[in-house]
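Chains as they are written, first to last, in the working numbering: chain A, 3 to 216; chain B, 12 to 122.
Since the hints were made in silico from the structure, they are not lab data. Heads up, some of the hints might be wrong.
Straight-line C-alpha distance at most 30 Å; calculated BS3-like pairs for lysine-lysine [to be verified]:
1. B:Lys33 / A:Lys171
2. A:Lys113 / B:Lys33
3. A:Lys171 / B:Lys113
If you only want the chain A side, here are some residues facing chain B, beta carbon under 8 Å, derived [as the list claims (entries may be wrong)]:
4. Arg29
5. Leu33
6. Ser120
7. Arg132
8. Gly137
9. Thr139
10. Asp140
Covered stretches of chain A, going by a simulated chain B footprint (3 or more residues, C-beta under 8 Å) [as the list claims (entries may be wrong)]:
11. 12 to 18
12. 21 to 28
13. 38 to 47
14. 82 to 95
15. 181 to 189
16. 194 to 203
We treat Cβ as the ideally placed atom computed from N, Cα and C, and that holds for glycine.
Listed below, chain by chain, are the residues.
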Amino acid sequence: MGGADVLRPIVEEAGVTLPVLVDDTHRMDALFGVDNIPQNVWVDEDGMIVRPPEPGTPAPTPTDDPMAQLAFSLMTGDDPEAYSDRVRDWVANGASSTWALGPDEVIAASKPRPKEVSEAAACFELAQHRWRTEGFTDEVLGWFSRAHTLQPENITYKRQAYSAWSYGKRPEEMARFAQGPTPGHEDEWPFVSDFMADMATYMPEVADRLKPRS
Amino acid sequence: MITDRLDLTPAEFAAETGWELKPEGACKGDVCVPLGGAPFDAATAADRLGMAVVHDEQAGLWAIGPETVGGRALSSAEAPELVLPDVRTGEPLRLSSLRGRKVVIASWAPY
Chain A
3 MGGADVLRPI VEEAGVTLPV LVDDTHRMDA LFGVDNIPQN VWVDEDGMIV RPPEPGTPAP
63 TPTDDPMAQL AFSLMTGDDP EAYSDRVRDW VANGASSTWA LGPDEVIAAS KPRPKEVSEA
123 AACFELAQHR WRTEGFTDEV LGWFSRAHTL QPENITYKRQ AYSAWSYGKR PEEMARFAQG
183 PTPGHEDEWP FVSDFMADMA TYMPEVADRL KPRS
Chain B
12 MITDRLDLTP AEFAAETGWE LKPEGACKGD VCVPLGGAPF DAATAADRLG MAVVHDEQAG
72 LWAIGPETVG GRALSSAEAP ELVLPDVRTG EPLRLSSLRG RKVVIASWAP Y
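Please build the complete structure, drawing on both the sequences and the hints.
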């Protein structure tokens, strides 16, 4: 089970009324440069992007679930309302909002995309296509790994590959969640990196929050 | 985009990449890249737009990566057309159908 089948009950249970779309082929990356989640793009009434993809988590819904509380605190940092306040400011003030960028600023603030990044996207698409057609073969691993090497900072490419491999090889829930080698099976892990190593490299502030406090 | 052949029509190329063939060249938003005037050829267009073309010989497939015009993910601030299915209905939603309203596209994943 994957994609929409996993997502649908979550969305229905939460009673979400906004459109919720499924992006199986990472169109948000190809079209906008979304290379991790959560990331948001703001588009104004005329179809102009006023903020390119950026991390940002809306104010959390109060919850008693400790895992959800941890996830929210990791994502929102010290001021849970900060990002929602920016959105509210833009909604109220439009183009004159501090947070609304002009066209040149939007382009300049979008992700760098050298040719290697385009090649990484092509390799990732081949990996995805073949994985869905033939399962997680050595060739699929090869295409995923080539995408990871070409654009190591693209966390969605890695997360997808880690989960896809774990799903077939070690289907227990925690193995998929961990997105890294499981204890006792370290030798099986086929990737040069894993989720915790990626966090330490590309999101050190979040990795720091995950460390046990003395 | 994934394809098993490179002799794409301009319409097929545009549907997947968002770059439409016009008299000025390949255009997306307010940006046009000249293609040199010869009959349309996907490999040439991809090269002019800085798109990587990767061949999977074993599977008989080509993958064409996104453009690298200007060296940034966004070559224009005009939002590209995004068409994705709604999880509940399966119906495709077009970003352009939301003109006249502010939109925040939030990318997320369940765990």
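Which numbered hints turn out to be false for this structure?
1, 3, 8, 9, 10, 15 and 16
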